[in-house]
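Asker: Letter by letter, the chains look like this.
2 protein chains.
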Amino acid sequence: MTVPRILVFDIFGTVVDWHGSIVRELRQRFPQVDADAFAIAWRAGYQPAMEAVRSGGRGFVKLDVLHREILDGLLPRFGLAALDDAQRAELNGVWHRLDPWPDSVAGLTRLKARFTICSLSNGNIGLLTDMAKRAGLPWDCVLSGEVFQAYKPDPRVYRGAAAVFDAAPGEVLMVAAHQDDLAAARDNGLQTAYIERPLEFGVAHPKDVSPVAANTLHARDLLHLADQLGC
Amino acid sequence: MTVPRILVFDIFGTVVDWHGSIVRELRQRFPQVDADAFAIAWRAGYQPAMEAVRSGGRGFVKLDVLHREILDGLLPRFGLAALDDAQRAELNGVWHRLDPWPDSVAGLTRLKARFTICSLSNGNIGLLTDMAKRAGLPWDCVLSGEVFQAYKPDPRVYRGAAAVFDAAPGEVLMVAAHQDDLAAARDNGLQTAYIERPLEFGVAHPKDVSPVAANTLHARDLLHLADQLGC
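Taken in order, these protein sequences are the chains called Y and U.
Heads up, the first sequence is in my numbering, so the first residue is 22 and it goes up one at a time.
Heads up, the second sequence is in my numbering, so the first residue is 22 and it goes up one at a time.
Simulated from the structure, these hints should not be mistaken for lab results.
Values in this document were obtained by computation on a predicted structure and should not be read as measured data.
There may be inaccurate statements among the hints.
All copies of an identical chain are treated as equivalent in the list; a pair is satisfied when it fits inside any one copy or across any two copies.
BS3-like cross-link-like pairs, simulated, lysine-lysine; straight-line CA separation at most 30 angstroms [said to hold, decoys possible]:
#1 K133 <-> K154
#2 K133 <-> K83
#3 K83 <-> K228
#4 K154 <-> K83
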């Protein structure tokens with residue numbers, strides 16, 4: 022393995038627990054709602070919404086906007102059609118308030134001592150900045166698809182991150198809990214580290230976290246990644 | 022004064038001491054060179070180089086590239102024409118290694134406790150990230166003209182920073198040691214804070230740091246700014 026210089030991290034599911042965070046907030050605000058189903062449905066709208074941008078059918082818009090559109094579509098199904106604009110905006114902000122996995126802050130802090138660590142998420146810059154400030158995620162730099170006006174797996178995002186640092190793609194290690202993100206990163210020349218997050222979709226929906234040989238590294242969590250990188 | 026939500030900072034001269042840092046590095050590497058004149062000449066090429074981009078005559082290129090072109094033009098005048106490409110690249114990297122003013126880290130740390138703090142510099146993202154990591158500048162987010170593919174005082178930079186945070190321009194406070202930067206920020210609706218940096222150009226070239234009434238705030242340094250903002 023060539024030692025990388027820059028580590029870029031997927032965020033939703035990899036560094037923060039979107040399902041658990043949304044479930045906790047929904048249960049508090051709307052105890053009558055099936056919070057697990059709501060969180061799953063909200064996230065299920067994510068790829069189709071971005072696809073409209075990726076396919077070129079729609080100009081780039083921030084993920085905050087897409088999250089809100091998906092939310093507006095969901096509310097009637099969950100008996101929440103009466104929420105007004107301010108209530109919807111407040112609820113949509115939950116994506117700025119996601120909690121980190123228990124190992125994330127400690128793992129990133131160790132990794133930061135040796136590498137430049139950046140987010141590389143489809144979340145917009147403001148969302149990622151608010152999240153990092155609240156959760157204490159110690160990024161050296163907040164990178165987002167918004168910087169490159171494109172959504173992963175668009176090659177511009179992976180190649181753009183390397184170009185920001187005048188790095189060869191192989192000097193960049195993409196860290197994610199999703200094999201499709203890592204496959205796209207690899208196609209663009211980046212090294213890849215898979216992080217197991219078996220409960221990303223909640224305890225009712227465990228996911229397969231089997232190793233894929235094409236990845237450079239495979240780690241249980243970010244502390245285990247730091248171990249493997251000698252931090 | 023409306024209390025701002027986001028503080029954005031000019032970097033060269035405002036947060037870091039470019040003149041002193043370049044002089045120190047040049048004296049160490051090339052003691053035969055007039056380091057003060059070299060630093061002043063390098064910086065003097067900055068506005069004309071960006072103007073080629075701002076006028077639309079040249080597509081956006083990173084400041085690292087402009088710094089290198091200016092450097093290449095200067096070296097013969099200072100008897101350094103023999104430097105090879107690697108030596109020039111290494112010297113050009115001094116802009117990534119600028120030292121903060123003595124109050125910068127402590128002042129930013131206090132301001133960060135209450136506000137979202139971001140760079141908003143014409144320096145490129147990689148330059149600003151390397152600088153922050155080395156100097157311990159605790160940005161919540163590294164914003165750069167590179168994000169907006171434009172150089173200050175292009176309105177896209179000031180308005181873009183507000184848009185990143187879905188903020189009204191008046192919720193953003195631009196902090197700089199340069200009245201022209203602040204005037205442009207003000208023209209775009211931002212609040213402004215002037216920071217005195219009388220020795221920005223070195224002890225041989227003190228600059229006028231008189232207050233301008235149009236600014237929202239006027240501070241001796243970033244600690245004094247934190248005092249005024251109740252941090």
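Asker: Against the structure shown, which of the earlier numbered hints fail to hold, in ascending order?
Answerer: Of the numbered hints, all hold.
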